[in-house]
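Asker: Each chain, letter by letter, is given below.
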Amino acid sequence: MNDQPDSTEALYAYGTGLAERLGGRAVIEHDTVRISIDRADWVETLRRARDEEGLTFFSWLSGIDWSKDVEVGETVEDPDDLVERFEVICRLSSVENADGAQFIATLPKDDPVIDSITDLFGGAEWHEREAHDMFGIDFTGNPNLSPIYLPEGFIGHPLLKSYPLLAREVKPWPGDVDVEGMPEEEGAEA
Amino acid sequence: MSYQPPATGYEALMHRSEVAVSVELQTQDMTLNIGPQHPSTHGVLRLVANVDGERITGVEPVIGYMHRGYEKLAEVRTYAQMTALVNRIDWVSGFASEVPFIIAVEKLAGIEPPERAQWIRLILTELFRISSHLVFTSSYPLELGGVTPLFHALRERERVLELIEAMTGGRFHPNFNRVGGIKPAAGGGKTQKQVSMDIPGGWLEDVKAAMERVLGATDDSDTLVTGNELIKARTVGVGRIPADKAIEYGLSGPNLRASGVAYDLRKQEFHLPYDQVEFDVISGQDGDCYDRYWVRLQEIRESVKIVLQAIEKIPAGPLRAKAPRVLKVPKGQVYVRGENPKGEFGYYIISEGGQKPYRLKIRSTSFSNLSILPWVLKGALVPDLVAIMGSLDFVLGDVDR
Amino acid sequence: MITGWFWVDLIIKVVLVLVVMIGLALVAIYAELKVMAHMQNRIGPYYAGGRWGWAQPFADALKFIQKEDLVPAGADAVIFKAAPYVVVASTVATFVVIPFSPSLVARNLDLGVYFLLAISSLTTIGVLMAGWASANKYSLMGGLRAGAQLIAYELPLVLTVAAVVVQAGTMSLVGIVEAQAAPIEIGGLSISLPFLLKGQIVGFIIFVVAAVAELSRIPFDMPIAESELTMGYLTEYSSLRFTMFFLGEYAAMISMSAIAATLFLGGYWMPFVPDSALIYVGPFILVTKIAILVFFMLWIRSTWPRLREDQLQDLAWRWLIPVALLNILVVAFFKVVVF
Numbered sequence: 385m386n387d388q389p390d391s392t393e394a395l396y397a398y399g400t401g402l403a404e405r406l407g408g409r410a411v412i413e414h415d416t417v418r419i420s421i422d423r424a425d426w427v428e429t430l431r432r433a434r435d436e437e438g439l440t441f442f443s444w445l446s447g448i449d450w451s452k453d454v455e456v457g458e459t460v461e462d463p464d465d466l467v468e469r470f471e472v473i474c475r476l477s478s479v480e481n482a483d484g485a486q487f488i489a490t491l492p493k494d495d496p497v498i499d500s501i502t503d504l505f506g507g508a509e510w511h512e513r514e515a516h517d518m519f520g521i522d523f524t525g526n527p528n529l530s531p532i533y534l535p536e537g538f539i540g541h542p543l544l545k546s547y548p549l550l551a552r553e554v555k556p557w558p559g560d561v562d563v564e565g566m567p568e569e570e571g572a573e574a
Numbered sequence: 087m088s089y090q091p092p093a094t095g096y097e098a099l100m101h102r103s104e105v106a107v108s109v110e111l112q113t114q115d116m117t118l119n120i121g122p123q124h125p126s127t128h129g130v131l132r133l134v135a136n137v138d139g140e141r142i143t144g145v146e147p148v149i150g151y152m153h154r155g156y157e158k159l160a161e162v163r164t165y166a167q168m169t170a171l172v173n174r175i176d177w178v179s180g181f182a183s184e185v186p187f188i189i190a191v192e193k194l195a196g197i198e199p200p201e202r203a204q205w206i207r208l209i210l211t212e213l214f215r216i217s218s219h220l221v222f223t224s225s226y227p228l229e230l231g232g233v234t235p236l237f238h239a240l241r242e243r244e245r246v247l248e249l250i251e252a253m254t255g256g257r258f259h260p261n262f263n264r265v266g267g268i269k270p271a272a273g274g275g276k277t278q279k280q281v282s283m284d285i286p287g288g289w290l291e292d293v294k295a296a297m298e299r300v301l302g303a304t305d306d307s308d309t310l311v312t313g314n315e316l317i318k319a320r321t322v323g324v325g326r327i328p329a330d331k332a333i334e335y336g337l338s339g340p341n342l343r344a345s346g347v348a349y350d351l352r353k354q355e356f357h358l359p360y361d362q363v364e365f366d367v368i369s370g371q372d373g374d375c376y377d378r379y380w381v382r383l384q385e386i387r388e389s390v391k392i393v394l395q396a397i398e399k400i401p402a403g404p405l406r407a408k409a410p411r412v413l414k415v416p417k418g419q420v421y422v423r424g425e426n427p428k429g430e431f432g433y434y435i436i437s438e439g440g441q442k443p444y445r446l447k448i449r450s451t452s453f454s455n456l457s458i459l460p461w462v463l464k465g466a467l468v469p470d471l472v473a474i475m476g477s478l479d480f481v482l483g484d485v486d487r
Numbered sequence: 066m067i068t069g070w071f072w073v074d075l076i077i078k079v080v081l082v083l084v085v086m087i088g089l090a091l092v093a094i095y096a097e098l099k100v101m102a103h104m105q106n107r108i109g110p111y112y113a114g115g116r117w118g119w120a121q122p123f124a125d126a127l128k129f130i131q132k133e134d135l136v137p138a139g140a141d142a143v144i145f146k147a148a149p150y151v152v153v154a155s156t157v158a159t160f161v162v163i164p165f166s167p168s169l170v171a172r173n174l175d176l177g178v179y180f181l182l183a184i185s186s187l188t189t190i191g192v193l194m195a196g197w198a199s200a201n202k203y204s205l206m207g208g209l210r211a212g213a214q215l216i217a218y219e220l221p222l223v224l225t226v227a228a229v230v231v232q233a234g235t236m237s238l239v240g241i242v243e244a245q246a247a248p249i250e251i252g253g254l255s256i257s258l259p260f261l262l263k264g265q266i267v268g269f270i271i272f273v274v275a276a277v278a279e280l281s282r283i284p285f286d287m288p289i290a291e292s293e294l295t296m297g298y299l300t301e302y303s304s305l306r307f308t309m310f311f312l313g314e315y316a317a318m319i320s321m322s323a324i325a326a327t328l329f330l331g332g333y334w335m336p337f338v339p340d341s342a343l344i345y346v347g348p349f350i351l352v353t354k355i356a357i358l359v360f361f362m363l364w365i366r367s368t369w370p371r372l373r374e375d376q377l378q379d380l381a382w383r384w385l386i387p388v389a390l391l392n393i394l395v396v397a398f399f400k401v402v403v404f
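Quick note, the sequences are listed as chains B, F and W, same order. With our numbering as the guide, the letters of the first sequence map in order to residues 385 to 574. With our numbering as the guide, the letters of the second sequence map in order to residues 87 to 487. With our numbering as the guide, the letters of the third sequence map in order to residues 66 to 404.
If you're looking for bench data, these hints aren't it; they were derived computationally from the structure. Please note that a few of the clues may not be correct.
Unchecked claim - Derived SDA-like pairs (lysine to any residue); straight-line CA-CA distance at most 25 Å:
1. 263(W) - 220(W)
2. 99(W) - 436(F)
3. 452(B) - 502(B)
4. 417(F) - 467(B)
5. 417(F) - 436(F)
6. 202(W) - 118(F)
7. 417(F) - 464(B)
Since this is a predicted model, take the numbers as computed values, not measurements.
Just chain B, with the same shape it has in the complex:
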């Protein structure tokens, strides 16, 4: 957007180099580096990212629920293309420059277990608790995997695609209302 020529090229080079060194598959789009790694290598790869690649800053960790049947919200364009799975996504970045990457591990729906990275990053404890609350993903090794957002006695994992939104049960999505006109359309009235 501003005067940064070759930023995407430099980023592309960085992203592919990073993926090669860490042993993952990189996808780079919209100035965002995503590196997919195996669930079994999760802790080890992140440790190497922290120690060898300088990505010491733990930004966030969360989950993604990929489902074909969506109770609320956007359905996917090509449901047949979609593989039902969970993804755990963690972003690490650097505190010296603008380097950063999202690391994604895939978990099967029937076995949503992954190792915890609390030993590497203390801040991951809360983020993993939140992902556990919201998706039901189990993080082995997290010292305190109790509910963080949800009240006691809450049943279900809200961010799953199969979890309904109560407001939408009562009243369906109103649609595309209250959209403002574009400036040119209404400028004539000024």
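Since the structure of chain B is already known, use the hints to place chains F and W on it.
Answerer: Okay, now just chains F and W, sitting in the frame of chain B:
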């Protein structure tokens, strides 16, 4: 890391006598429940503290009282509808929370906002940064017992809020960003006549006058608070967070910079024209409460500098690029982060090619900032709890999303 | 002394003391509201009683009185209800010996100073009672903090007053004022100086610091610590009991300032005022001195944050008490050896 009692000197003597007394008297730790309604917890935060006399042996924050389910709500709203909600996450710096979201959407949709819009976004972000830091500068001494800085700082914050209201129509929740730029200043709805396509007349001069007053408020704060021996006695050396711990826990913004890491996203990410204004990155040394206070105070001055430069540099032009009325964003994933007054605030949008996001992950600053609280409070005294919590400057809406 | 009959005299004196105490306390409340407001760039009471808002303290008192009187369920009712009375009674009792003029004193005890110190330390007991009986962890913490603080700062108070007694040679408050009024020879000139200028400057500073701590005012208001403990030991009090604590705090402020003014600043006496006029002008002089000291306390409250409990104790035990002891030694030395 558990509480390490001091090893040598006067403090060691005092600690040994404390331990001796408590062994003899067989005292028990008291579980003190601080919050969720409490004068100093910045909202509905509950701390379950184990207290041994005045010393805290363990703290467990209980959050989620304000959890509104933003990420689920985002899945049922179009991007335009979501813009109205995202400024309510961190309500003290409303606009600064909107900007990364709208830029993420623009990146996915491939729309580039015009220069004028980017500059106005920058000015409004900086104004909200000034407002947020003034809230901190006023309420932090109040928690320590100094009742006067509150009035001096909030008085000038009113000027800033008036400016924001003149431009956007709202003091706290501007809802001013649109995909492709910003909202034209007045009118714009189907039923309203558009009076002006641009920013209000005389607004730039008002900004200059308000910035003078804000600098006056920071000078007042300096006089009353920064050099005050009692404030120093309460905050220097209290709540020390070393740089590596801060990085490990994801602390960002002034909290990180106070620990000595001079990392400012405004110097790293350039979706707003920060590379065309000159300002310094303020960093502290020890990472204690005093440094966190001092860094925020100086950042107000830096933001004033930025605003004064920016109002000279705004180019003419349209305020909004052409975007489809019904916006369908192509498939893709993007992460955009911005420098919120509280730290790194980011949005990870997964779009499956529709009007609504498939998944929106909000990287909220205060959630990470607060996660260090159990670590930093081990072994602190109860009054220090208030000092440390206040210095982390979190907002519950941000923590709970 | 006013009428001939002892019991009538007694009743008149009691009424007068109460009236003076409550009246001055209300003025102090109003002064605090206005002075703090102007220091904070705002106006303060504005509506109650016309443009100056002078009726604000009355309005506040009435408001408190008409509130519901709550006693918490788990509270020890007897102690809970008795605590405010203990605090207020001891504060009222201190007004008995303060001389407003050579003859305008409720009872000029020979042991005036001793009586004052003994009675004013009863407030500590009242505070501890309030903290414990409220059945509330915050109140308990506030009460314990208050107990520790009040005991710690009692000592510098007593030691500095002892130094003044040494210098004056008498414990009676009227006698102390007269000792300051008594002229001394300096280089041929015969002038009278208040004790402040006669070598008690250190004692005065320590006394004021200890007095502010005894009153639990900022910077020593850990026991109340609004932003941490809600109201400390006062949390569970409402209505009339709270009013008593509230008025008692301001009355204690006045009484401590009056003691400081009498012991160090000369009390109802001022140089160049002849003795015959003192009977009429004395009260005004004393009230002016009290006003200056109260203003000073309000000024400190507006400006400074509060000290932490351990820093507070540090200040008392490691600094104020040794310096106060040294003060006594120096004063005694000068009194015995030099003069």
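Asker: When you check the alpha-carbon spacing of residue 202(W) and residue 118(F), does it fall within 25 Å?
Answerer: It holds: about 7 Å lies between the C-alpha atoms, which stays within 25 Å.
Asker: Does the structure keep residue 417(F) and residue 436(F) at a Cα separation of 25 Å or less?
Answerer: Within the cut-off at roughly 8 Å; holds.
Asker: Holds or violated: residue 417(F) with residue 464(B), Cα cutoff 25 Å?
Answerer: 15 Å, holds
Asker: For the pair we were handed, residue 452(B) and residue 502(B), check the Cα-Cα distance against 25 Å.
Answerer: Violated. Residue 452(B) to residue 502(B) sits at ~32 Å, over the 25 Å cutoff.
Asker: Hint check: residue 417(F) vs residue 467(B), CA-CA at most 25 Å. Holds or violated?
Answerer: 16 Å, holds
Asker: Take a quick look at whether residue 99(W) and residue 436(F) sit within 25 Å of each other, Cα to Cα.
Answerer: The hint is violated at about 58 Å.
Asker: Given the hint that residue 263(W) pairs with residue 220(W), test it: the Cα-Cα distance must not exceed 25 Å.
Answerer: 23 Å, holds
Violated hints, listed in ascending order, are 2, 3; each of the other numbered hints is respected by the structure.
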